[in-house]
Every structure is written in C-alpha cells, then in structure tokens.
Amino acid sequence: MDLLTFARGPGLQWAVTIFVIGVLWKLVGVILLRAKPDLSEPRNPSTWKGLRLIITRSWPRKEFLRSTAFTEVLGYTFHIGFLVALLFYLPHILFFEDVFKGVLGVNFQQVFGVQWPYFSGGVINFFGAVTVAALIAVLIHRIVSPVKRLISNFDDYFSWFVTIAPVVTGMLAYGHVGAPYQTLIAVHLLSMELLLVWFPFGKLMHAFTVFLSRGTEGMQFERKGASL
Amino acid sequence: MPDSMKPRDAGDAHEATLGERLAARGVSRRAFLKFASALASMMALPPSMGLVMAQAMAQAKRPSVLWFPFQECTGCTESITRSHTPTIEGMIFDMISLDYHETLMAAAGHQSEAAREQAMKDNAGKYLLLVDGSVATGLDGAYSTIGGQTNLSWLTEAAKGAAAIIAVGTCASFGGIPKANPNPTGARAVSDVIKDKPIVNIPGCPPIPVVLTGVLAHFLTFGSLPELDALGRPKAFFGDTIHDRCYRRPFYDQGLFAKTFDDEGARNGWCLYELGCKGPVTYNACATVKWNAGTSFPIQSGHGCLGCSEPDFWDKGSFYKALPVGQWGSAATLGGAAAVGVAVGAAAAYAARRRQDKIAKGD
Numbered sequence: 001m002d003l004l005t006f007a008r009g010p011g012l013q014w015a016v017t018i019f020v021i022g023v024l025w026k027l028v029g030v031i032l033l034r035a036k037p038d039l040s041e042p043r044n045p046s047t048w049k050g051l052r053l054i055i056t057r058s059w060p061r062k063e064f065l066r067s068t069a070f071t072e073v074l075g076y077t078f079h080i081g082f083l084v085a086l087l088f089y090l091p092h093i094l095f096f097e098d099v100f101k102g103v104l105g106v107n108f109q110q111v112f113g114v115q116w117p118y119f120s121g122g123v124i125n126f127f128g129a130v131t132v133a134a135l136i137a138v139l140i141h142r143i144v145s146p147v148k149r150l151i152s153n154f155d156d157y158f159s160w161f162v163t164i165a166p167v168v169t170g171m172l173a174y175g176h177v178g179a180p181y182q183t184l185i186a187v188h189l190l191s192m193e194l195l196l197v198w199f200p201f202g203k204l205m206h207a208f209t210v211f212l213s214r215g216t217e218g219m220q221f222e223r224k225g226a227s228l
Numbered sequence: 229m230p231d232s233m234k235p236r237d238a239g240d241a242h243e244a245t246l247g248e249r250l251a252a253r254g255v256s257r258r259a260f261l262k263f264a265s266a267l268a269s270m271m272a273l274p275p276s277m278g279l280v281m282a283q284a285m286a287q288a289k290r291p292s293v294l295w296f297p298f299q300e301c302t303g304c305t306e307s308i309t310r311s312h313t314p315t316i317e318g319m320i321f322d323m324i325s326l327d328y329h330e331t332l333m334a335a336a337g338h339q340s341e342a343a344r345e346q347a348m349k350d351n352a353g354k355y356l357l358l359v360d361g362s363v364a365t366g367l368d369g370a371y372s373t374i375g376g377q378t379n380l381s382w383l384t385e386a387a388k389g390a391a392a393i394i395a396v397g398t399c400a401s402f403g404g405i406p407k408a409n410p411n412p413t414g415a416r417a418v419s420d421v422i423k424d425k426p427i428v429n430i431p432g433c434p435p436i437p438v439v440l441t442g443v444l445a446h447f448l449t450f451g452s453l454p455e456l457d458a459l460g461r462p463k464a465f466f467g468d469t470i471h472d473r474c475y476r477r478p479f480y481d482q483g484l485f486a487k488t489f490d491d492e493g494a495r496n497g498w499c500l501y502e503l504g505c506k507g508p509v510t511y512n513a514c515a516t517v518k519w520n521a522g523t524s525f526p527i528q529s530g531h532g533c534l535g536c537s538e539p540d541f542w543d544k545g546s547f548y549k550a551l552p553v554g555q556w557g558s559a560a561t562l563g564g565a566a567a568v569g570v571a572v573g574a575a576a577a578y579a580a581r582r583r584q585d586k587i588a589k590g591d
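Protein chains in written order, with my numbering: chain A, 1 to 228; chain B, 229 to 591.
No wet-lab data here; the hints were simulated from the structure.
Here the structure is a predicted model, which is why all the values come from computation and not from measurement.
A virtual CB, placed ideally from N, CA and C, is assigned to each residue, including glycine.
Be a bit skeptical, because a hint or two may be false.
With a cut-off of at most 20 Å between alpha-carbon atoms, the simulated EDC-like pairs for lysine to aspartate or glutamate come out as follows [to be verified]:
#, chain 1, residue 1, chain 2, residue 2
1, B, 544, A, 63
2, A, 26, A, 97
3, B, 549, A, 97
So the derived label-pair ranges between C-beta atoms look like this [said to hold, decoys possible]:
#, chain 1, residue 1, chain 2, residue 2, range
4, B, 353, A, 3, 34 to 40 Å
5, A, 14, B, 528, 53 to 59 Å
6, B, 279, A, 183, 21 to 27 Å
7, A, 65, B, 582, 42 to 48 Å
A partial selection of chain A residues facing chain B, derived with a Cβ cut-off under 8 Å [what the hints assert, rightly or not]:
#, residue
8, 6
9, 9
10, 21
11, 33
12, 62
13, 70
14, 94
15, 114
16, 179
17, 182
Based on the provided sequences and hints, a complete structural model is requested.
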C-alpha cells in the first residue's frame with residue numbers, strides 16, 4: 001500500500017473515527033458534569049440574556065484595545081483564512097458533500113436548494129498564504145511576549161503546528177512544489193488526519209466548546225447581576 | 229537469428245548498421261534526422277541530442293528483442309502496432325530484430341519456441357526482453373503457461389541472459405488487472421520477480437506506443453536505459469501528471485467544472501475533476517503525446533482519466549467518483565464511533581460525579 005492509498009483510505013477512516021469519538025466524548029463528558037449549585041437569589045430573572053456574552057467576548061473591550069489589537073486582528077485573520085480555505089475549495093466541498101450524503105442519505109443541494117459555493121484555486125491559495133502569515137506572526141508573538149511564553153505549553157505549540165501544517169501542505173500540493181503531486185497530496189491528507197486526531201484532545205477543541213463555555217458563563221454572570 | 233523472423237529485405241541482417249539499412253530502404257538522412265530530433269524532443273533531451281541520437285542510431289546494430297506475453301489481453305501489442313513514429317514495420321525491420329513475438333511472428337508451435345531458444349542462445353547477455361502481462365506466481369506459476377512451461381519459468385530463465393527488461397503495460401509493470409483483488413493467480417509485476425536486472429516500466433492500459441519506441445531509441449543511442457522515476461518509469465514521459473499537462477487545466481484553476489457528462493460544462497470542455505478524472509494523481513504523457521498519431525486522448529474525448537498507468541488503479545475506487553469522494557468510511561462506522569464517544573463521555577461524567585459525591589461525604 002502506497003502512502004497516498006493509506007492516507008486516502010485507512011488513515012482517513014481512522015482519523016475521522018477518532019475525531020468523532022473524541023469530540024463526543026469530550027462534549028458529553030463536559031455537558032453531563034454536575035453544575036455547582038448556586039444558592040443565592042438571582043439578581044436578574046431572565047438569565048438567557050447572558051448569552052450575549054458570546055458576542056461581547058468576541059470583540060476586544062475598549063479598555064484593552066491597544067494591548068489586544070494585534071492578537072485580535074491576527075486571530076480573526078487566520079481563523080477566517082483557514083475556514084475559507086477549508087470550506088470554499090472545491091475538492092474539500094466534494095469531500096464534505098460526500099460525507100453529508102453518506103450520513104444523511106440526501107444530497108446537500110437537495111436539502112438546501114443551492115449549490116455549495118466555492119472559490120477558484122488562486123483565491124484559496126491567497127487565503128492560505130494569509131493564514132500562514134498570520135499563524136507565523138502569532139507564533140512569534142507567543143514566543144517573544146514573556147507573559148504568553150510563560151503560559152504556553154506543549155498543547156499550544158502542537159495545536160499551532162497541526163493547524164498550519166494542512167494549510168502549508170495544501171498550498172504545496174496546489175503548486176506541485178518540492179515533490180511529486182501524489183506525495184504532496186498524501187502528506188496534505190496525513191497532516192489533516194493528524195489535526196483530526198489531535199483535535200478533541202488538545203486546545204483545538206475550543207472550536208466546539210468556546211461558545212458553550214461563554215454562553216454558560218454569561219448566564220451565570222447574568223444571574224449574579226454582573227456587568228457583561 | 230531464426231529464419232522465421234528474418235527481415236525480408238536484408239540477407240546479412242546481423243552485419244548491417246541501422247544507417248545502412250535505412251539508406252537501402254530509401255530513407256533520406258534528412259528524414260532520419262527529423263525522426264531523431266522528434267524523439268529527442270519528446271524525451272526532453274536537448275536539441276543537440278537529436279543529431280547525437282541520429283549518428284549513434286545510424287551506427288547501431290539491431291539489438292535482438294524478445295517479447296513475452298504473459299497474463300495479458302494483447303492490448304499492449306495492439307497499441308504498439310499503432311506506433312507512428314516509427315511504425316511497427318519500420319521498427320522491426322530497421323531498429324530492432326524482433327526475434328520472438330507470438331502475435332506478430334509467422335512461426336507457431338514448436339517452431340516459435342525453437343526461435344525463442346535460438347535467439348536467447350545467440351544473443352546471450354545482449355538481448356532486450358520485453359514483457360507484457362503480469363506474471364502468475366500462484367501454484368508455482370501454473371495459472372499461466374505457454375507450451376507447457378509457466379510464464380514464471382520463462383521469465384526467470386530469459387532474464388538471466390537479458391541486457392535489460394522492459395515491462396510493457398501496467399500488468400507487467402505493476403500487476404495490473406490480473407493483480408486486482410482478490411488476485412486469484414498470484415499475479416505479480418516483472419520487477420517483483422526479477423531483482424538483478426535493469427527494468428524499465430512502461431505502464432498504461434495500454435501504454436503509449438511512442439514511449440516504447442523512445443526507450444528503444446535511447447537504448448540504441450546511448451547503450452543505456454533512460455532516467456527513471458521511483459516506480460521505474462522513464463522520467464521523460466512520466467515526469468508530469470496528466471493534470472499538469474491537460475489542456476483543460478485552466479478550467480480547473482478557474483473553478484469551471486462539468487457536473488455531468490452532458491451538461492453545459494461538458495459541452496464547453498470544462499474540467500472533468502468532479503466526474504472522477506484521476507489526472508491529478510496519474511503520471512503519463514497522454515496529454516502531450518496523445519494517441520493515434522497525436523489525434524486525441526481520453527480527456528479530449530470527454531472522459532476523465534482512469535489513472536491506468538498507476539499501480540493498483542483497478543482497486544482505487546470508482547472511475548466516476550471524484551478523487552476526494554468515497555474514502556471516509558461509512559455512516560455505520562461513524563454512527564458506531566458516535567455511540568462510543570457518547571458512552572465514554574457519559575462514563576467520564578458519571579465517574580466525575582461519583583468522585584464529587586465521595587469528596588462531599590468526606591471519604
């Protein structure tokens with residue numbers, strides 16, 4: 001079995017399986033934890049309003065704007081760049097549509113009535129390049145900033161690596177740079193599989209828990225009458 | 229040389245050089261130079277090599293070539309007979325001495341086997357061995373025999389005296405369709421059986437004829453085999469993917485794809501990636517050399533590449549499914565994975581609650 005056959009077959013299947021097990025394990029494990037009883041009288045009757053913390057925490061507070069602007073801007077840049085490259089490149093879309101149909105038994109287009117939009121390879125390459133540049137900048141910032149360096153551990157650096165690796169290998173495969181295309185695409189797939197396997201067990205899991213956590217916290221704060 | 233295979237136009241075939249033969253046949257030096265230049269160009273050699281090839285080939289003696297058919301469909305022979313630069317007749321009479329080829333030779337039965345043995349004896353250590361078809365190795369090779377002898381024994385015996393071996397077609401190069409799951413005959417590639425001889429793989433189902441003539445011309449010119457890639461294929465012809473050289477590639481880059489074989493995209497000649505084209509992962513020269521004297525190739529005719537020059541192409545999923553499709557597993561597997569994930573998560577939460585209770589009780 002050659003590398004590409006492994007990456008497209010058993011490697012991918014194992015990675016997806018581990019990803020699904022891991023994500024549900026972590027999510028269900030967290031959701032079913034017993035909440036700490038709050039015996040105080042609620043300051044606000046409607047705690048659901050606290051969900052607005054999801055929005056407010058997604059923007060820098062004015063007081064800290066100057067010190068957090070760099071991280072905020074670059075953070076948004078690589079998140080958006082990564083998602084565009086992931087979700088609006090045709091080969092990726094064909095994969096997602098195939099999984100969609102395989103799991104639900106219907107075509108994406110039949111359900112949503114529209115075709116999944118996509119960009120040309122050149123546009124995706126641009127978003128990939130922006131993502132890589134932003135990821136490198138945030139890594140340098142993490143290393144240079146004494147506070148960030150102090151609070152960083154293996155999880156931070158490895159999560160950074162498995163995030164940038166699929167983007168870099170994807171761009172190399174698109175440009176056929178450095179090795180035969182089959183090798184490049186196999187390495188690209190393997191890097192994506194590494195991301196899937198690591199995802200539930202490291203800080204990348206924030207993709208699923210960030211809004212859950214902010215929403216829960218917001219509702220608790222609202223109950224206590226804290227300023228959001 | 230066996231009488232059955234002697235060229236009809238020369239009594240002293242062993243002595244005459246290629247140049248002399250061409251002159252005798254009325255081929256001008258200019259025409260021969262053009263042929264050599266075209267070959268050099270196709271093999272990505274510098275322009276000056278055209279003259280070198282012409283000079284070297286003009287002085288060359290015709291090498292003895294034995295062509296063994298094993299587990300094959302004769303498609304490779306069909307293909308090579310459509311070689312246009314040079315034609316198969318021209319190649320047999322001018323470039324090589326084809327001393328054994330079951331389909332093309334006049335002799336049959338014991339006469340042909342005698343021809344083969346005689347050629348191997350007369351040209352020991354110097355002949356080129358061409359093989360098309362995979363080698364059956366199951367039951368000691370008994371699944372495929374010729375004249376009561378197994379292909380396996382033929383190959384191992386003939387390989388000993390060969391200067392080099394050329395595996396013609398995907399079956400000889402990688403096992404091909406006979407090796408497809410479940411491979412009942414134990415089909416193997418020539419390179420799986422023979423380890424101590426230089427082997428050139430010219431895969432394709434069938435292979436492009438000019439690739440074989442190009443390799444033979446290289447052997448005649450330089451006395452060696454051309455540069456090969458990791459899979460033993462001549463880099464000159466297998467250096468790029470079909471996708472890289474495809475005239476529809478600009479449509480791929482622009483995001484213009486045919487969605488079915490008869491939609492507007494198909495009629496406009498847009499990229500066939502979504503319809504299962506394997507061009508991006510297939511190395512071959514179809515997109516540049518093309519077929520039938522450069523007339524067309526499958527993608528030009530509106531059908532995606534099958535990837536036939538790659539190992540195990542028959543077992544790599546549907547020809548009509550796009551490359552990213554059909555590889556992630558099944559809904560049942562994912563459902564099972566989801567159930568396991570929920571169960572493990574619930575167990576982890578239960579264990580955490582039990583621990584909380586114990587702490588609360590002061591245990």
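Against the structure, the hints:
no.: 1; hint: B/544 - A/63; in the structure: violated (58 Å)
no.: 2; hint: A/26 - A/97; in the structure: violated (26 Å)
no.: 3; hint: B/549 - A/97; in the structure: holds (12 Å)
no.: 4; hint: B/353 - A/3: 34 to 40 Å; in the structure: holds (38 Å)
no.: 5; hint: A/14 - B/528: 53 to 59 Å; in the structure: violated (39 Å)
no.: 6; hint: B/279 - A/183: 21 to 27 Å; in the structure: violated (37 Å)
no.: 7; hint: A/65 - B/582: 42 to 48 Å; in the structure: holds (46 Å)
no.: 8; hint: 6; in the structure: violated (11 Å)
no.: 9; hint: 9; in the structure: holds (6 Å)
no.: 10; hint: 21; in the structure: holds (4 Å)
no.: 11; hint: 33; in the structure: holds (6 Å)
no.: 12; hint: 62; in the structure: violated (39 Å)
no.: 13; hint: 70; in the structure: violated (34 Å)
no.: 14; hint: 94; in the structure: holds (5 Å)
no.: 15; hint: 114; in the structure: violated (14 Å)
no.: 16; hint: 179; in the structure: violated (10 Å)
no.: 17; hint: 182; in the structure: holds (5 Å)
Checked against the numbered hints above, the structure breaks hints 1, 2, 5, 6, 8, 12, 13, 15 and 16 and satisfies the rest.
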